[in-house]
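When you get a sec, could you build the whole thing from the sequences and use the hints?
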Amino acid sequence: EHLFAAGYAACFGGALDFVGKQKKRDASKAKITCAVTIGPRDGGGFGLAVQMQVEDRSIAQADLEGLVREAHEKICPYSHATRNNVDVRFEVTGN
251 EHLFAAGYAA CFGGALDFVG KQKKRDASKA KITCAVTIGP RDGGGFGLAV QMQVEDRSIA
311 QADLEGLVRE AHEKICPYSH ATRNNVDVRF EVTGN
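If you count by our numbering, then the sequence shown holds residues 251 to 345, one letter each, in order.
I should point out that these hints are in silico values taken from the structure, not numbers from a laboratory. Please note: incorrect hints may appear among the correct ones.
[To be verified] So the derived label-pair ranges between C-beta atoms look like this:
id, residue 1, residue 2, range
1, Ala256, Asp337, 13 to 21 angstroms
2, His330, Gln303, 14 to 22 angstroms
3, Ile288, Asn345, 30 to 38 angstroms
4, Gln272, Gln311, 15 to 23 angstroms
5, Phe296, Lys271, 35 to 43 angstroms
[Claimed, not checked] Okay, derived cross-link-like pairs now, DSBU-like style, lysine-lysine, Cα gap no bigger than 35 angstroms in a straight line:
id, residue 1, residue 2
6, Lys281, Lys324
7, Lys324, Lys279
8, Lys271, Lys281
9, Lys271, Lys324
10, Lys273, Lys324
11, Lys324, Lys274
All figures in this text were calculated on a predicted structure; none of them were measured in a lab. Here a beta-carbon is modelled for each residue, glycine too, at the ideal position from N, C-alpha and C.
What follows is the structure, given as structure tokens:
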């Protein structure tokens, strides 16, 4: 779980920075924290859950939420790979 979390956080940070540059926002200093847990799945077996925290107080809250949404839905390969298979939740803290 720790390696997956580190990879996802790094990848998501790059995706967020990419989207920020497209939108003329500097998200390069955003603090990304990712926690991955493993637990039982409905129907048997085990599955992963991801809690991603994104903080950048230099960007307005609504703007940062939009950047995070776009990075998650359109850019980040980890987000694409986990979609509809892993519960991924975000906690976003802007200005």
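Below or equal to 35 angstroms on CA atoms is what counts here, so check lysine 281 against lysine 324. Given that 35 angstroms is the threshold and the Cα spacing comes to 20 angstroms, the pair holds.
Phenylalanine 296 and lysine 271, beta-carbon distance inside 35 to 43 angstroms? Holds: the Cβ-Cβ distance is about 38 angstroms, inside 35 to 43 angstroms.
Okay, alanine 256 versus aspartate 337 on CB: inside 13 to 21 angstroms? Once the Cβ atoms are compared, 19 angstroms apart, the range 13 to 21 angstroms for aspartate 337 and alanine 256 holds.
Okay, histidine 330 versus glutamine 303 on CB: inside 14 to 22 angstroms? Holds - the Cβ-Cβ distance for histidine 330 and glutamine 303, about 20 angstroms, lies within 14 to 22 angstroms.
Per the hint of 30 to 38 angstroms, is the separation of the Cβ atoms of isoleucine 288 and asparagine 345 within bounds? Taking Cβ atoms as reference, isoleucine 288 and asparagine 345 lie about 34 angstroms apart, which means the hint holds.
Straight-line alpha-carbon gap lysine 324 to lysine 279, limit 35 angstroms: Measuring from Cα to Cα gives roughly 21 angstroms; hence the hint holds.
Are lysine 324 and lysine 274 close enough, with their CA atoms no more than 35 angstroms apart? With a Cα-Cα distance of about 17 angstroms, the restraint between lysine 324 and lysine 274 holds, given a limit of 35 angstroms.
Measuring from beta carbon to beta carbon, are glutamine 272 and glutamine 311 in 15 to 23 angstroms? 19 angstroms Cβ-Cβ, so the 15 to 23 angstroms window holds.
Can you confirm whether the C-alpha distance between lysine 271 and lysine 324 stays at or below 35 angstroms? holds (15 angstroms)
Between lysine 273 and lysine 324, does the CA-CA distance stay at or below 35 angstroms? Roughly 14 angstroms separates the two Cα atoms, so the pair holds.
Given pair status - lysine 281, lysine 271, alpha carbons within 35 angstroms: holds (16 angstroms)
Hint check: no violations occur; every hint is consistent with the structure.
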